[in-house]
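Student: Sequence:
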Amino acid sequence: MKTYRLGTDQLPFDLDLTLECGQVFRWQRTGNQWNGIVAENVVMISQDGEILTYDGMNEADLVRYFNLDLNVQEIISKIRASIAVYSGDTESHNDLQFEAAAATGSGLRIIRQEPWECLISFICSQNSNIPTITKRISLICERYGRPLGKKRFGFPSPADLAEREEMELRTCSTGYRASYLSGTAQYIIRNPDILSHIANCSIEDAKRELMKFPGVGPKVADCVLLFAYNRYEVVPVDVWIRTIITSLYPEVRNRRCNRKECSYNDIANFCREYFGSFAGYAQQYFFAARQDLSLSKDHIDERSDQPL
DNA sequence: ATCCAGGTACCCA
DNA sequence: TGGGTACATGGA
Numbered sequence: 003m004k005t006y007r008l009g010t011d012q013l014p015f016d017l018d019l020t021l022e023c024g025q026v027f028r029w030q031r032t033g034n035q036w037n038g039i040v041a042e043n044v045v046m047i048s049q050d051g052e053i054l055t056y057d058g059m060n061e062a063d064l065v066r067y068f069n070l071d072l073n074v075q076e077i078i079s080k081i082r083a084s085i086a087v088y089s090g091d092t093e094s095h096n097d098l099q100f101e102a103a104a105a106t107g108s109g110l111r112i113i114r115q116e117p118w119e120c121l122i123s124f125i126c127s128q129n130s131n132i133p134t135i136t137k138r139i140s141l142i143c144e145r146y147g148r149p150l151g152k153k154r155f156g157f158p159s160p161a162d163l164a165e166r167e168e169m170e171l172r173t174c175s176t177g178y179r180a181s182y183l184s185g186t187a188q189y190i191i192r193n194p195d196i197l198s199h200i201a202n203c204s205i206e207d208a209k210r211e212l213m214k215f216p217g218v219g220p221k222v223a224d225c226v227l228l229f230a231y232n233r234y235e236v237v238p239v240d241v242w243i244r245t246i247i248t249s250l251y252p253e254v255r256n257r258r259c260n261r262k263e264c265s266y267n268d269i270a271n272f273c274r275e276y277f278g279s280f281a282g283y284a285q286q287y288f289f290a291a292r293q294d295l296s297l298s299k300d301h302i303d304e305r306s307d308q309p310l
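Counting from 3, one number per residue, gives the positions in the first sequence under this note's numbering.
Each hint should be verified, as a subset may be incorrect.
[What the hints assert, rightly or not] Okay, derived cross-link-like pairs now, DSSO-like style, lysine-lysine, Cα gap no bigger than 27 Å in a straight line:
1) LYS4 with LYS152
2) LYS262 with LYS221
3) LYS137 with LYS153
[To be verified] FRET-style restraints, in silico, Cβ to Cβ:
4) ARG31 with ILE205: 27 to 37 Å
5) GLU170 with ASN260: 44 to 54 Å
6) ASP71 with ALA102: 39 to 49 Å
7) LEU150 with ASP91: 51 to 61 Å
8) ASP11 with SER89: 26 to 36 Å
9) ALA161 with ARG257: 45 to 55 Å
10) ASN60 with LYS262: 46 to 56 Å
11) ASN202 with ASN260: 20 to 30 Å
12) THR5 with ARG261: 56 to 66 Å
13) ASN34 with ARG257: 49 to 59 Å
14) LYS152 with ASN34: 17 to 27 Å
15) GLU144 with ARG257: 45 to 55 Å
Worth flagging that the hints you see were computed from the coordinates, not collected in a lab. No experiment lies behind these values; they were computed from the predicted model shown. Idealized CB from N, CA, C, for every residue including glycine.
Work the whole structure out from these sequences, hints included.
Tutor: Here it is as structure tokens:
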């Protein structure tokens, strides 16, 4: 059992929020303690203020996995600066919507997840809620992952999944996503270097490559870019973020989507312009605060009654 | 019971 | 290029 003391430039850090916010689905909580698997290692970690107590990984890997070297206070400052530039007010502009979300989410850290696990996880995520996704992934690991002792399992490799028939993968509550899982696993078997190649691509090329995988569209690709490749300017747009952004920032509506629903890129591009190079972090703060925000999902219908 | 959830593929104009 | 729809599952 080891300890790690967070320095002032590594705070705020909220372990619970970080592991519960829907970026990773393999950690289990028992009281204050979290148990998970990182790179086939059984890991435990708990937090008491600025002290992390952990086991199963070394300090360098802990820092790397949780991106502890990233200064979150600076990130929030940079987001504020971008908002100010966008708003044309470099002195006193204050975005209370963002500040409220950041107050809720500031201890959240985007972790450095393994691309393969992240890819499979978010293929499983589509059109599902977080408890369902978690259950699905734990079934997949239990059935096809390497046993690591006391009901713990590694994440199955591409080969582990590629050799399964679609109907077998369906027994993991994956539904129609089963064909995407085997298809993506087979794609990786045919292109064994693709995931490391993507790490060196531009964002545009990386996204294009990811979307060649069966079952990977813009949203899943963006989640992998943000949560595994740590491209912090990327903004995955799910139904929550769509509702939040269109409700809180009506200026997202432009000529193209004034009388209809904004497209995926309308929302993602607005966020990138508005929140800047850490838009993905801003997005995570809003996602973390999604339950607290009182939002109407009917804003589009309300507007569409009005003449141009 | 109904609606909805960290969406995508496919079809059609 | 953009809009409509089927798709499986389980939580609230």
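Student: Taking the hints in turn, state whether each one holds.
Tutor: The hints, checked one at a time:
1. LYS4 with LYS152: holds, 22 Å
2. LYS262 with LYS221: holds, 20 Å
3. LYS137 with LYS153: holds, 14 Å
4. ARG31 with ILE205: 27 to 37 Å: At roughly 33 Å between Cβ atoms, ILE205 and ARG31 fall inside 27 to 37 Å, so the hint holds.
5. GLU170 with ASN260: 44 to 54 Å: holds, 48 Å
6. ASP71 with ALA102: 39 to 49 Å: violated, 27 Å
7. LEU150 with ASP91: 51 to 61 Å: Holds: the Cβ-Cβ distance is about 54 Å, inside 51 to 61 Å.
8. ASP11 with SER89: 26 to 36 Å: holds, 28 Å
9. ALA161 with ARG257: 45 to 55 Å: 49 Å Cβ-Cβ, so the 45 to 55 Å window holds.
10. ASN60 with LYS262: 46 to 56 Å: Cβ of ASN60 to Cβ of LYS262: about 52 Å, so the range 46 to 56 Å holds.
11. ASN202 with ASN260: 20 to 30 Å: violated, 39 Å
12. THR5 with ARG261: 56 to 66 Å: Distance hint for THR5, ARG261 holds at roughly 57 Å.
13. ASN34 with ARG257: 49 to 59 Å: Once the Cβ atoms are compared, 51 Å apart, the range 49 to 59 Å for ARG257 and ASN34 holds.
14. LYS152 with ASN34: 17 to 27 Å: holds, 19 Å
15. GLU144 with ARG257: 45 to 55 Å: Hint holds: Cβ distance 50 Å, inside 45 to 55 Å.
Hints 6 and 11 from the list above are not met by this structure, while the remaining hints are.
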